Amino acid sequence: MKPHSRRKVRTLQVPMLQVPMLQVPVTRRRVLAGVGASAAGALAAAAPLRMAEAQGAPLKVGVLLPRSGFQAGIGQDCQRGVDIAAGILKDLGLPELAIMNADTETNVEVARARAERLIGEGAQLIVGAFDSGQSTAIAQVAEQKGIPYVINIAAAPPITEQGYRFVFRNFPTAPMILADAFANQKEIFAAVGSAPKSVVFMHVNDTYGTSMQKGIDAALMKADMPYKILETIAYDPAARDLSVEVAKAKATGAEALLLVSRLNDAMLLTRELVKQRWTPMAVLSMGPGWYEDQYLKTLGKLADGPMSFVPWYDPNKPLSTRLEAALAKAHPDVNLNTNHIYTFEALLIAADAYRRAGSTDPKALADAIRATDIANNVSIGPGIRFDAKGQNATLKNAAIQNRGGKLVTIAPKAAANAAPEWPLSAYDKRG
Amino acid sequence: MPAEIYLNVAVSGLLTGLVYGLMALGLSVIFGVVRVVNFAHGEMMTIAMYLAVALFTGYKLDPLAMMLPIAAVLFLLGWAMQRVLINPFINRPEHSQFMLLVAVALIMVNALLIAFGPDARGVQTSYAFASFAVGPLLVDANKAYAGLAALAVAGTLFAFFRFTLLGKAIRACADNYAGALVVGLDVKRLYALTFAIGSACVGACGSMMVLLIDVTPPLGPAYTLLAFVIVITGGLGSMGGALLGGVLIGVTEAVGGLLFTPSAKSMFSFAILVLVLLFRPQGILGKRAAP
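Chains P and Z are the protein sequences, given in the same order. Under the working numbering, the first residue of the first sequence carries the number 1, and numbering increases by one thereafter. Under the working numbering, the first residue of the second sequence carries the number 1, and numbering increases by one thereafter.
Keep in mind that the hints were calculated from the coordinates and are not lab data. One thing to keep in mind: the hints can contain errors.
Heads up, simulated BS3-like pairs for lysine-lysine below, C-alpha to C-alpha not over 27 Å straight-line [as the list claims (entries may be wrong)]:
hint, chain 1, residue 1, chain 2, residue 2
1, P, Lys-297, Z, Lys-60
2, Z, Lys-60, P, Lys-301
3, Z, Lys-60, P, Lys-429
4, P, Lys-186, P, Lys-222
Taking beta-carbon pairs under 8 Å as the criterion, some of the chain Z residues facing chain P (in silico) [said to hold, decoys possible]:
hint, residue
5, Ala-3
6, Leu-14
7, Pro-88
8, Asn-91
9, Glu-94
10, Met-108
11, Asn-110
12, Pro-118
13, Asp-119
14, Ala-120
15, Phe-129
16, Ile-213
17, Gly-257
Because the structure is a prediction, the values reported are computed rather than measured. Note that the Cβ used here is the ideal one computed from N, Cα and C, for glycine as well.
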């Protein structure tokens, strides 16, 4: 082979591309420049077509949930909300969503990595992720990449206090949950003519539990509650044995239990209450766990009685009836709960924003979400609207109680469909 | 706080510690003889727990009654693992053995995830919520049964190694490998038998553990780590040390959680580990290595 001169090395002789009239030597640089220009031109020409296609094509929504790990039960319950959404959104005349599922494995770092991957794979909007810690990580990714993120469930206040432009939360913050919980508790105490004088506050030590713990003293003082907290016991939500925690709580002599828990620990706590032969006057939960279907099914009669003060649905809203019917059809033995409601509403927000934006452009979608005004929704309150921080501050909570494997609403009075059963019936007399 | 609460918590920690001790005993036996650290130990216990759950869910068979059949299955699994996978690695560097067993552990976790899904599973026996009142003491029936069963299995294992010819042969392999070969012992077969016995131990422990906690596929690594902490605390290769280490960790975690904050109870077991490594690196009942 003959050695190439410097000029020959840099010149790509492509006879097919030579233009004799101009006599311009065709170099590799020129070919690449030409190809680039052609590609840019082609893309520019195709842009209106793409926009048209985007308006007709489904919006790609990445749904991040803890489908495995110790929050797997709740993550899978949230997934039910995703599964039943498509039919209802179609009936509402909203555009189709292409769901891209991902598992956070109940792990903050995995949640962050999966969010990045979903966006890399073309997700145009993110929904999730049940947990405050995981949602905080996803919010950082979404903001950095400029992709709208609608939080389904997460209550830690800082998520919407960062000045993010692409992060929206249709779920109450910890202070909102606490304020409503205490208001509903007072209503129940007044209705039954009795109230505990002392409680033990037990909470998970994750982001949500810690947020609730930080806000509880101020909220208690403001609400002027009839009880005082004798002891605060924090525990690991992934704990496999809570016997020490319950023994410590029992030893305080408190009349009732005030809790912020998850699902597995709620079941562990109940088992320990039974084994340690302690039936408090009431179990007052301000988080998930105690009303979940897995809790009701696993514990049977022992699941009856706890009261949960949680974001809930308004049974009087027409969309609630539709959601209930859709869930009953898909899962006849599952009660509609917070996980389904707020995951469904996150998708409702996404579809509604996509319809109004008419584009998959992230900024247009974020602007459309910011302007959301949905009155025909499921959760309690006037509807779905976001403030300047991306928070729906109009949401209201309810008090629900477990009764024979079902859930009844006991407060506020306007949304109640049953009177509270008080006090908690003794665990050792339930047969 | 009433005094009986400390006693209650200490007894609860003691009973749980006995089960931990049995699990660690399996690891100690394997390391003491085969000189291979089983990094899939917790995962093997998880397999045993799933077997117990499957037998209970499918046939209503009590996990404690199924302890021997489950131990037998794990015995066979351990035997096969040693003959097929570990034997070729016996004379290889430790990092190769580590990689092999970590890979085995990962495969086990993911196989369980495929087979059973990520949900936590447990058994609800007729005594699941029972407790015994002994004066001021309130003892969890599950922990009492599991602790006693662990004690019985550990006692049988001690007797096997002390009084049977086979047990003595295995101890001979552990004490002097070359000497065992010289006197004509089939060392490879004895290694497989030891690995199988260690696995059977963890199998029996799994059927007890399922009474205490729900099982999920990712449970294994935490218990592998716990077994290490116990074995290092008690003394690597020491059977008595493993049991003592288990009890020490169980009681310390329980009482430490009661005295300080329960969410920091793991801190106490690691604190013991650090103290042992600082002041008695061979473990509480371990023998100091010859200079």
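Exercise. Taken at face value, is the distance from the CA of Lys-301 (chain P) to the CA of Lys-60 (chain Z) at most 27 Å?
Worked result: holds, 20 Å
For this session: Assess, step by step, whether the Cα of Lys-186 (chain P) is no farther than 27 Å from the Cα of Lys-222 (chain P), and give holds or violated.
Result: Answer holds: Lys-186 (chain P) to Lys-222 (chain P) is near 13 Å, not above 27 Å.
Exercise. Does the structure keep Lys-60 (chain Z) and Lys-429 (chain P) at a Cα separation of 27 Å or less?
Worked result: holds, 25 Å
Exercise. Against chain P, is Ala-120 (chain Z) within 8 Å by beta-carbon distance?
Worked result: It holds, given that the least Cβ distance between Ala-120 (chain Z) and chain P is near 6 Å, below 8 Å.
Exercise. Lys-297 (chain P) and Lys-60 (chain Z): Cα distance at most 27 Å?
Worked result: With a Cα-Cα distance of about 18 Å, the restraint between Lys-297 (chain P) and Lys-60 (chain Z) holds, given a limit of 27 Å.
Exercise. Once the shortest beta carbon distance from Glu-94 (chain Z) to chain P is found, is it less than 8 Å?
Worked result: violated, 29 Å
For this session: Go through the hint on Phe-129 (chain Z) and say holds or violated, using the shortest Cβ distance to chain P against 8 Å.
Result: Holds: closest Cβ of chain P sits about 4 Å from Phe-129 (chain Z), inside 8 Å.
Exercise. Per the CB criterion, is Leu-14 (chain Z) less than 8 Å away from chain P?
Worked result: violated, 12 Å
Problem set entry | Hint check: 8 Å Cβ-Cβ cutoff, Asn-91 (chain Z) to chain P | This hint is violated: Asn-91 (chain Z) lies away from chain P, its Cβ roughly 38 Å from the closest one there, beyond 8 Å.
Problem set entry | Hinted contact Ile-213 (chain Z) with chain P - closest CB pair below 8 Å | This hint holds: Ile-213 (chain Z) lies near chain P, its Cβ roughly 4 Å from the closest one there, short of 8 Å.
For this session: Against chain P, run the beta carbon of Pro-88 (chain Z) and see if the smallest gap drops under 8 Å.
Result: At about 33 Å, which exceeds the 8 Å cut-off, the nearest Cβ of chain P leaves the hint on Pro-88 (chain Z) violated.
Exercise. Taking the least C-beta to C-beta distance, is Met-108 (chain Z) closer than 8 Å to chain P?
Worked result: violated, 16 Å
Of the numbered hints given earlier, the model fails hints 5, 6, 7, 8, 9, 10, 11; all others are met.
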